[in-house]
Every structure is written in C-alpha cells, then in structure tokens.
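> Chains as they are written, first to last, in this note's numbering: chain P, 1 to 345; chain Y, 1 to 215.
These aren't lab readings, by the way, just hints derived from the structure by calculation. Predicted, not measured: the structure shown is a model, and the values here were computed from it. Hints may contain errors.
[Said to hold, decoys possible] If you want a taste of the chain P side facing chain Y, the calculated C-beta under 8 Å gives, among others:
no. : residue
1   : V80
2   : H83
3   : G86
4   : P93
5   : E152
6   : T205
7   : A256
8   : N278
9   : A284
10  : L340
[What the hints assert, rightly or not] Here are a few chain P residues that sit away from chain Y, every Cβ distance over 10 Å (derived from the structure):
no. : residue
11  : L52
12  : E246
13  : A257
14  : G281
[To be verified] Far from chain P, some chain Y residues (derived; all Cβ distances over 10 Å):
no. : residue
15  : R6
16  : D88
17  : R157
By construction, the Cβ of each residue, glycine as well, lies at the ideal position given by its N, Cα and C atoms.
Here is what each chain is made of, one letter per residue.
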Amino acid sequence: MNAYQRVVAALTGREPDRVPVLLLMPTQGAGELGLPLPTYLGDPEAMAEGQLRLQARYGHDCLYAFSYGAAEAEAFGASVEYHPTGSPVVSEPPFGIQEVGRITPPDPHRCPALVRTLRLIELLAAEDKGRLPILANVVAPPSLPVMLLGMEAWLELLLLGDAGRRDQVLEVCRAFTLAWGRAQVQAGADALGYFDPLASPEITTPAQFARFHLQTMRLVAEQVGAPLLLCTAGARNLQLLPAARETGMAGILASAAESLADYKQQADGKLAVAGNLNNIGMAAWTPAQASQEVRSCLAAGAPGGGYLLCDQHGEIPTETPAAVLEAIMQTAQQYGRYPLHQEGR
Amino acid sequence: MINRLRQDLIRSYLDCDREGVHQVFAQAAAAGVGLATFATKVIEPSFETLGELWSRGEVALTQVFVAARAVDLEVAAVEARAAPLPSDAPKVVLGTLIDAHGLGARLLSVFLRMAGLQAVEIGSRLTPEELVDRALREQPQVVAVSCLMLHSAYRMREVSQLLQERAPGVRLVVGGAPFRIDHTLADRVGAESWAPDVISGVSVIKSLAAPRAAG
Numbered sequence: 001m002n003a004y005q006r007v008v009a010a011l012t013g014r015e016p017d018r019v020p021v022l023l024l025m026p027t028q029g030a031g032e033l034g035l036p037l038p039t040y041l042g043d044p045e046a047m048a049e050g051q052l053r054l055q056a057r058y059g060h061d062c063l064y065a066f067s068y069g070a071a072e073a074e075a076f077g078a079s080v081e082y083h084p085t086g087s088p089v090v091s092e093p094p095f096g097i098q099e100v101g102r103i104t105p106p107d108p109h110r111c112p113a114l115v116r117t118l119r120l121i122e123l124l125a126a127e128d129k130g131r132l133p134i135l136a137n138v139v140a141p142p143s144l145p146v147m148l149l150g151m152e153a154w155l156e157l158l159l160l161g162d163a164g165r166r167d168q169v170l171e172v173c174r175a176f177t178l179a180w181g182r183a184q185v186q187a188g189a190d191a192l193g194y195f196d197p198l199a200s201p202e203i204t205t206p207a208q209f210a211r212f213h214l215q216t217m218r219l220v221a222e223q224v225g226a227p228l229l230l231c232t233a234g235a236r237n238l239q240l241l242p243a244a245r246e247t248g249m250a251g252i253l254a255s256a257a258e259s260l261a262d263y264k265q266q267a268d269g270k271l272a273v274a275g276n277l278n279n280i281g282m283a284a285w286t287p288a289q290a291s292q293e294v295r296s297c298l299a300a301g302a303p304g305g306g307y308l309l310c311d312q313h314g315e316i317p318t319e320t321p322a323a324v325l326e327a328i329m330q331t332a333q334q335y336g337r338y339p340l341h342q343e344g345r
Numbered sequence: 001m002i003n004r005l006r007q008d009l010i011r012s013y014l015d016c017d018r019e020g021v022h023q024v025f026a027q028a029a030a031a032g033v034g035l036a037t038f039a040t041k042v043i044e045p046s047f048e049t050l051g052e053l054w055s056r057g058e059v060a061l062t063q064v065f066v067a068a069r070a071v072d073l074e075v076a077a078v079e080a081r082a083a084p085l086p087s088d089a090p091k092v093v094l095g096t097l098i099d100a101h102g103l104g105a106r107l108l109s110v111f112l113r114m115a116g117l118q119a120v121e122i123g124s125r126l127t128p129e130e131l132v133d134r135a136l137r138e139q140p141q142v143v144a145v146s147c148l149m150l151h152s153a154y155r156m157r158e159v160s161q162l163l164q165e166r167a168p169g170v171r172l173v174v175g176g177a178p179f180r181i182d183h184t185l186a187d188r189v190g191a192e193s194w195a196p197d198v199i200s201g202v203s204v205i206k207s208l209a210a211p212r213a214a215g
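The following block holds chain P by itself, in its conformation from the complex:
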C-alpha cells in the first residue's frame, strides 16, 4: 500500500496498513534548500523540490502544495509582508468597508501568487501523482473577507451592516473559492483543506453558522471536484462535525482543545477525522513528548480506521525541531500499524 492508497483508505473511513501521517510543512522546505523564505515561496520549482526533500527525509504520507494563506488575498490586490519566522501575512486589508461594492472575484490564473501554487501542484503531480497524495487548501468564503476587510470591519458588516453589501461580499468570495479550488484540483490536487476558522463555535453562534456557513460549505463540497477536509485553524470545531458530515465533507481536522475520541465517536465511521497534535506547542516539545502525544492521538483516533495523524491547524511552525518531526513519524510507524497492537490502543 503506498501513501496515496493509505490516505484514500483513511479518508473513506477504512483501515489502511497503518495510520497515515500528514506532516504539513509549508515553510520548512526553505531550510532544506538553504533559501530565504521569500525566495522559496516565490519559486514553485523550489517549493516542489522542498516538498519532495521533506517527504524523503521524514517519510510522511503527503506532499503539501500550500504556500501561504495570504496568497488568496493577494489575488484581490492585497500586499503581503514577511517576518523573521513563519509565513507572510497581509500587510493591510485591501478594502475598506465603503469599498466592498467594487470587490469582484479575481481569476486565479491571473494572480502570480496563485499561479505559483498551481505550478507547484503540477510539478508535484508530474513527479508523484498516485504515489503520494497532493494536498492543497482553500479559504472558505465566509472567512476570506477577514483578510480582505480586516476582522473588525468584516464582523461589523456581517453582523450589523447592510445586508445587500454583506451578501455581495459573500457571493464574490463563493465564486472565487470555487474557481480557486477547481483550478487546484485541475492542476492535480487530490484533496483540499477547507479553512473556515470563523465557523468555529468559539466565534460564530449556531444560528449564524446555519445562516452564513452551512449552504456555502455544501456548495463547495458538491462542486469543487475533490474531497474536502474542514479546518478551523486550531479553533474548536467538534460541534461542526454533524454539519461536515451532512454537507459532504470527507473529513474534519480536530482541534487540540477537544477530545479526539469524541470526534471519532461522533463521526461514526462516516467522516474521516484528522489531528490533533498541538502545532503551537510542538515547537517546545522534546522527542519523548512528541512520541507520547502521538501515542495519545493513536490511542484515541486510530481504532476502526478513518483517522489521519496531523497537527490541529494544517501548518507545522517553522521552528519545530526536526527531532520532534522524526519522533512523530517513528512513533506513528511503530504504533500506528493495523491491526493495532495493545500499546497503540
């Protein structure tokens, strides 16, 4: 069983030969190649080489065709800035609340940052399609305006502002997300993370979720052309699991603040569960701690299949020690094989 088959088996609720491990590392390839991060993220050939080297080094079960989330805002005209560590972020939201009338959905094929990601996917697909799954991401339409307007302005418009303008923003973002997701699938992505941090019950009430998120989730799941994994960037989302099932998501990325066993129980084999290593905490772990954390995840998540081991966010921080990543992988290989040994339970 190769990594692609392993991930497909888990995503479809089955037991593979062992629990698949997704080490989601968008920035670490720069270090592998000895390149400054801006150079690396500006060069799809370098990013592809970085992903291949990382996979060869750690032996995990995917290639991560994701550069940085703010690239989607760049498509709308935002500029990004780099900091000494971590991915680039939006410098300033490109639109004020009075300017939402002129926001239109950009063509992903005309934005250099997104074209680089598409090229990255094509390069990875040419190298390893069918052997290693290629994972990419889209930001969900109700969460995307956070980068376009800023959190405060978006919440103001969403909750207290003009309904017509609000719906217009949501419609533009829906059109863009679908186009961007489809473009990545067409380029060779096998599955997409659907990043909707605003959907978390920490941020949104159930009524607001039903009003602003649910139908959009269903639309993208039905029309994007690849399995989706619901991600809330580390925020709690167990409460969203029934909606993820109902809307046709393939899986959900569990938050570290909630019990993986609860996710598995509620998923009931009908939705894959991924997670839930603490991505912020792991930078300070020792290898022994990492191993213990993995064993806890395996004990709660692995029984019965339908489980993928990864971090809770979809991004392992740059400064996470290599020894920790090696320990994660080694422990998963030792204790995550099916049928599970007693130690893994």
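Add chain Y to chain P, keeping to what the hints say.
Then chain Y, alone, in the frame of chain P:
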C-alpha cells in the same frame, strides 16, 4: 428596574441585537438613570455575566463583538451629551504587536472602560519598539498587548525586555490566539500574565493595576 435593564441587556447581547442594546440605554435615560450608575450597576455586571458564559463556552466571539460594539456606541453617544466617566482610575494601554488584527485590543478597551479603568488604544501593526514607545508616553500602570500570529507572539519577548529596561514597574499582560492554544507560551516569551479572552482580561488587568491604584 436595574435588574430588568441588566437582563434585557444580556438578552440583547446573546441575540446579537444592536437595536435591543439601544433600547435598554433609552429606557435607562427615560428613567433618569445616570451613566455612572448605569455603568456600574448594569453594564459591568452584564459583561461579567457574559464573561461567565464565555468561560463555559456558551457564547461566541460574535456575541461579545456585538455587545462591546453596541455598548461602546451607546456610551459614546451619552458622553457626547453629558459628562464622561471619571478618569482618575488606573490606566491601561492596549496595542497589537505586528499584526493588523486589532479586534482583541479594541474589545478589551471597551470592557475595561465599562469596568471603570482608563483604556488607551495605541494601534496595531506595531513593532516592539514602537509599542513600548507609545505605551510609555501614556504613563500606564498596565500594558496589554495582543497578537494573532505565532511569529508575533515570539516577539512579545522583546516587548517584555524593553519594558523591564525602561519601566520596570509597568505590568505586562498578553493575549491572543497563540497563547490560548499553548498555555506555556506566555511564560516562554517572558510575559508575567496572560488572559485567554477579552472578558477575563478585565479581571487579570484589574488585579495587576490594583496595587498601584492603592499606592
């Protein structure tokens, strides 16, 4: 009367009902309840209730946002017509380190004001040096700094060091998503206190400001 106003206010928060908040303020004004009484007997306890619900995971950020936004607008409208709230209270400076998302600091400043403290916002996207420069100009008892991204959280150590060098008596409290996900992070970046959310931030800051206020 006061109890009913408080209950109506809380219900409006939970319903994200901006107009409902306005109606409560209008009823208080019609009944002759002054802003100082209204702030201490109605608004502050209503925020405390919101905080209790938040700590139990029973309210969402959107409800907190609408509560703070609506109350802020109403208080500003009342203050435009009458005397502002007393300003000899402990002073807190709030800023956002590196990141553009200043919502946490914005909300916290509203809750602090309603709890009777002076809250001065110094902006977002600040470097550690800019943040400390601007903060110390205000001569605060407490500096509250929030951030969204992990790389910004790591730079909190520089804020802590600068404050220790330049104003060792000033207390630093930090907050934001990275600290909520990893409870050891605040200690790792040298912050003396942290708060998981804007409402509990009020009690954390009040406890830090209290000795100075007394002295």
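> Against chain Y, run the beta carbon of T205 of chain P and see if the smallest gap drops under 8 Å.
Where the cut-off is 8 Å and the nearest Cβ of chain Y is about 5 Å from T205 of chain P, the hint holds.
> Checking hints one by one. Is P93 of chain P an interface residue toward chain Y, by the C-beta closer than 8 Å rule?
Holds - the Cβ of P93 of chain P comes within 8 Å of chain Y, reaching about 7 Å at its closest.
> Is R6 of chain Y truly not at the interface, in the sense that its beta carbon sits beyond 10 Å from all beta carbons of chain P?
With a cut-off of 10 Å, R6 of chain Y remains clear of chain P, as the shortest Cβ separation is near 21 Å.
> Grab the minimum C-beta distance from H83 of chain P to chain Y and call the hint holds if it beats 8 Å, violated otherwise.
The hint holds - H83 of chain P has a Cβ within 8 Å of chain Y, the shortest such distance being about 5 Å.
> Are all C-beta atoms of chain Y more than 10 Å from that of G281 of chain P?
4 Å, violated
> Just double-check L52 of chain P for me: nearest Cβ-Cβ distance to chain Y has to come out over 10 Å.
26 Å, holds
> Does the interface hint hold: is V80 of chain P within less than 8 Å of chain Y, judged Cβ to Cβ?
The hint is violated - V80 of chain P has no Cβ within 8 Å of chain Y, the shortest such distance being about 11 Å.
> Going by Cβ atoms, does D88 of chain Y stay more than 10 Å from chain P at every point?
Holds, because the least Cβ-Cβ distance between D88 of chain Y and chain P comes to about 30 Å, which exceeds 10 Å.
> Measuring from the C-beta of G86 of chain P to each C-beta in chain Y, is the shortest one below 8 Å?
4 Å, holds
> Would you settle whether the hint for A256 of chain P is holds or violated, based on the nearest Cβ-Cβ distance to chain Y being less than 8 Å?
OK, holds: A256 of chain P within 8 Å of chain Y, min 7 Å.
> Would E246 of chain P pass as off the interface with chain Y, using Cβ distances and a cut of 10 Å?
20 Å, holds
> The hint names A284 of chain P as touching chain Y; please verify it with the least Cβ-Cβ distance against 8 Å.
With a minimum Cβ separation of about 7 Å from chain Y (threshold 8 Å), the hint on A284 of chain P holds.
Checked against the numbered hints above, the structure violates hints 1, 10, 13 and 14; every other hint is satisfied.
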